[in-house]
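Colleague: Protein chains in written order, with my numbering: chain A, 1 to 189; chain B, 190 to 623.
No lab work stands behind these hints: they were computed from the structure. Quick reminder that beta carbons are idealized off the backbone N, C-alpha and C, glycines included. Treat each hint with caution, since some may be false.
Stated by the list, open to error - Simulated crosslink set (DSS-like; lysine-lysine; CA at most 27 Å straight-line):
no.	chain 1	residue 1	chain 2	residue 2
1	B	K623	A	K189
2	A	K178	B	K623
3	A	K71	B	K431
4	B	K623	B	K446
5	A	K79	B	K410
6	B	K446	A	K74
7	A	K71	B	K410
8	A	K74	B	K557
9	B	K410	A	K74
10	B	K623	A	K71
To be verified - Just a few of them, taken from the derived set where beta-carbon distance is under 8 Å, the chain B residues facing chain A:
no.	residue
11	F284
12	Q320
13	D455
14	Q520
15	K623
Claimed, not checked - Computed, partial: chain A to chain B, Cβ under 8 Å:
no.	residue
16	L64
17	S160
18	F165
19	G170
Take a look at the letters that make up each chain.
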Amino acid sequence: MKRHARWTLVLATLCVAVLLVATPGCKRGKDATIDPSMAGPGGGDAGGGSGAGSGVEATTGTGLPGVDVEKLGKIERLKTAGTIYFDFDSSALRPDARETLKQNAEIMKQLPDVIIQVEGHCDERGTQEYNLALGERRALAARDFLVKLGVSGDRIITISYGEEFPADPGHDEAAWGKNRRAVFNKAEK
Amino acid sequence: MRAICLIVVGAILVLGIPAWAQETVSDVVVKGREEGIAIAVPPFATAPGLEALGQKMAALLRYDLDFTGLFTVLLPHQYPPDFVGFTSDAAQIDFDAWRATNAEFLVHCYLYQEDGAYLVDCRLFDLYAAQTVVGVRMKPEAGSLHLAGHQFSEEIVRALTGVPGVASSQLCFSGGPTGSKEIYVSDYDGVNLVQVTKHNSVSILPQFSPDGRKIAYVSFKDRFPFLYILDLDTGSSVPLSKSVGLNVAPAWAPDGKRLAIVLSKDANAEIYLVNRDGSNPRRLTDNRAMDTSPSFHPDGSRIAFVSERAGSAQIYAMNADGSGVTRLSYQGGRSYDPAWSPDGRSIAYVVERRGEGLEIYMMDADGKNPRRLTASPGSNESPSWSPDSRHVVFASTRTGTTALWTVNVASLEARRVPALDLPCQGPDWGPRRK
Numbered sequence: 001m002k003r004h005a006r007w008t009l010v011l012a013t014l015c016v017a018v019l020l021v022a023t024p025g026c027k028r029g030k031d032a033t034i035d036p037s038m039a040g041p042g043g044g045d046a047g048g049g050s051g052a053g054s055g056v057e058a059t060t061g062t063g064l065p066g067v068d069v070e071k072l073g074k075i076e077r078l079k080t081a082g083t084i085y086f087d088f089d090s091s092a093l094r095p096d097a098r099e100t101l102k103q104n105a106e107i108m109k110q111l112p113d114v115i116i117q118v119e120g121h122c123d124e125r126g127t128q129e130y131n132l133a134l135g136e137r138r139a140l141a142a143r144d145f146l147v148k149l150g151v152s153g154d155r156i157i158t159i160s161y162g163e164e165f166p167a168d169p170g171h172d173e174a175a176w177g178k179n180r181r182a183v184f185n186k187a188e189k
Numbered sequence: 190m191r192a193i194c195l196i197v198v199g200a201i202l203v204l205g206i207p208a209w210a211q212e213t214v215s216d217v218v219v220k221g222r223e224e225g226i227a228i229a230v231p232p233f234a235t236a237p238g239l240e241a242l243g244q245k246m247a248a249l250l251r252y253d254l255d256f257t258g259l260f261t262v263l264l265p266h267q268y269p270p271d272f273v274g275f276t277s278d279a280a281q282i283d284f285d286a287w288r289a290t291n292a293e294f295l296v297h298c299y300l301y302q303e304d305g306a307y308l309v310d311c312r313l314f315d316l317y318a319a320q321t322v323v324g325v326r327m328k329p330e331a332g333s334l335h336l337a338g339h340q341f342s343e344e345i346v347r348a349l350t351g352v353p354g355v356a357s358s359q360l361c362f363s364g365g366p367t368g369s370k371e372i373y374v375s376d377y378d379g380v381n382l383v384q385v386t387k388h389n390s391v392s393i394l395p396q397f398s399p400d401g402r403k404i405a406y407v408s409f410k411d412r413f414p415f416l417y418i419l420d421l422d423t424g425s426s427v428p429l430s431k432s433v434g435l436n437v438a439p440a441w442a443p444d445g446k447r448l449a450i451v452l453s454k455d456a457n458a459e460i461y462l463v464n465r466d467g468s469n470p471r472r473l474t475d476n477r478a479m480d481t482s483p484s485f486h487p488d489g490s491r492i493a494f495v496s497e498r499a500g501s502a503q504i505y506a507m508n509a510d511g512s513g514v515t516r517l518s519y520q521g522g523r524s525y526d527p528a529w530s531p532d533g534r535s536i537a538y539v540v541e542r543r544g545e546g547l548e549i550y551m552m553d554a555d556g557k558n559p560r561r562l563t564a565s566p567g568s569n570e571s572p573s574w575s576p577d578s579r580h581v582v583f584a585s586t587r588t589g590t591t592a593l594w595t596v597n598v599a600s601l602e603a604r605r606v607p608a609l610d611l612p613c614q615g616p617d618w619g620p621r622r623k
């Protein structure tokens, strides 16, 4: 029952947040800047496209939202959202990751008119092909938890970079621990 | 790109071939180089001015024959003491002197030019039967002299073992440093490296179509991991799949008309079958665990793949419609990257045991008889079979940088693919060229 009450509170907070934030003409924060020459994660605005009319379709069942990702506008790092880290070959959310995700969820609720993109990454162990799937599983695990925290799954998409974009180029556990991560972007519809 | 015509100039007499050579590949056990077929490939006789090229072509043939693991290729000091080089006239060969070297077979080639084009007359002699086993006149198209040499070596291997060699085949792979990878194609010996994409992005996991003229691959060039198909004849690249989430792990069906791919639009990595133009996607796997890395049996009836449905990544196989799933790997570690051999009899894959890194394994197609093919520090991954099912190419970090290596699955001899001076990953071994 206690749990039920908490969810009601979350929903109520969400409704209020939507009413407060999603007003016409509300401008997105311009707090994050990304080097557009960066070919990799969180960078680049090569997408072009005004994004007009490229809406978000309702998710069917447990699938990803039917977003035409090519029509998304600029994608940039959601700098206020913390990065979460994973154990080796695992997509289980550690307690520290859950805490970070709770904070991230509140930030995302304040930005109801953007698509959230969760990036999953791996360390260099495991095969290149498997790591693409593992990175996706990490991004999906983070997405699932964000949905449970009240961020609409209709606006959370995932991307896996596998082992292709390490945060730390080293070849030891110190580097690997930093590379097994999920980071959070916002994308213009 | 169809490179040369092979014109048989002599009667092809296949004589004196050891009985074991008629057996299928996997039954041939190569116990050491000393037991291979002894063959001599001296420098080609040439028209004036082509001497250096004649030396290089002979070296290419020697590499090809040595690579098979089935031959003992004579070294120059083992040639007859009086031998100073061939003349264009094979009738002048001192067969008695060559028989005294213990060589069983001798290759005589004459390289010359007519109207600006190269011609090569080649003969393979059986020294004991005193017969020509293979005789060909090759007239390679411009730029295809090396390919002609590789194709003649395939003929030698076919004549003496029953199965042609693979020296005309090519590799495709991703090359370049972290964060900047393009797709490359090279000959199987690393020569004639060509960069076939210029996306200035990360492009990985290329797979040759069955005819070798197209490459399916993953690229982040449009910001997301999408699948593309590159036409090697036109150089144009068209999208295969651009779904939300993952679009990775392409595997061509043997008919070249469909591909198995991995999508995560269901909020879980699942294997789909799509037409070559990306149309008509059909989902083949349906469970809560990740499924990835499909690889077709050569007859198209079965698909090997990786699934985590039992808790850790293991190799499974299913029918091409998704039914009839069976688990194949039980190595006590995680297993990845299955690759079905072209003869259908084996599956190469990767096993990761804690503390051991990644090693290449192979097993029978029913999962029996698993055995390790590599034993090295670092990571060994992305196995792909040679067209004759005698070798597996893979990416290895054993020397520090990521490089391509091959292993002879009978002798377990490993060798680095030479001549590649860039970090290489995710190789796929293409078909022989015609």
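Colleague: Evaluate each hint against the coordinates.
Modeller: Verification of the hints:
At most 27 Å may separate the alpha-carbon atoms for a hinted pair to count; B/K623 and A/K189 exceed this at roughly 50 Å. The suggested pairing of A/K178 with B/K623 is violated, with an alpha-carbon distance near 49 Å, which exceeds 27 Å. As the CA atoms of A/K71 and B/K431 are separated by approximately 11 Å, the hinted pair is consistent with the 27 Å bound. For the suggested pair B/K623 and B/K446, the alpha carbons sit about 21 Å apart, so the restraint of at most 27 Å is met.
For the hint linking A/K79 to B/K410, the alpha-carbon distance of about 24 Å falls within 27 Å, and the restraint holds. Annotation: proposed proximity of B/K446 to A/K74 is violated, straight-line Cα distance about 36 Å (limit 27 Å). Simply put, A/K71 and B/K410 have alpha-carbon atoms about 15 Å apart, close enough for the 27 Å limit, and the pair holds. Between A/K74 and B/K557 the alpha-carbon distance is near 51 Å, which puts this suggested pair outside the 27 Å criterion.
Of the pairs offered as hints, the one joining B/K410 and A/K74 holds, with about 15 Å between alpha carbons and a cut-off of 27 Å not exceeded. The suggested pairing of B/K623 with A/K71 is violated, with an alpha-carbon distance near 43 Å, which exceeds 27 Å. Of the supplied interface hints, the one on B/F284 is violated, with its beta-carbon coming no nearer than about 52 Å to a beta-carbon of chain A, more than 8 Å. Look at B/Q320: its Cβ only gets to about 49 Å from chain A, farther than 8 Å, so that hint breaks.
Here the hint on B/D455 is kept, as its CB sits about 5 Å from the closest CB of chain A, short of 8 Å. The beta carbon of B/Q520 is not positioned within 8 Å of any beta carbon in chain A (closest approach about 15 Å), and the interface hint is therefore violated. The interface hint given for B/K623 is broken, as the beta carbon of that residue sits about 30 Å from the closest beta carbon of chain A, more than 8 Å. For A/L64, the suggested interface contact is upheld, since its CB lies about 5 Å from the closest CB of chain B, less than 8 Å.
Evaluation of the A/S160 hint against chain B yields a held restraint, the C-beta minimum of about 6 Å falling below 8 Å. Interface restraint check: A/F165 against chain B, minimum CB-CB distance 6 Å, threshold 8 Å, status holds. Below 8 Å, beta-carbon pairs count as interface contacts, and A/G170 has none with chain B, the closest being about 12 Å; its hint is therefore violated.
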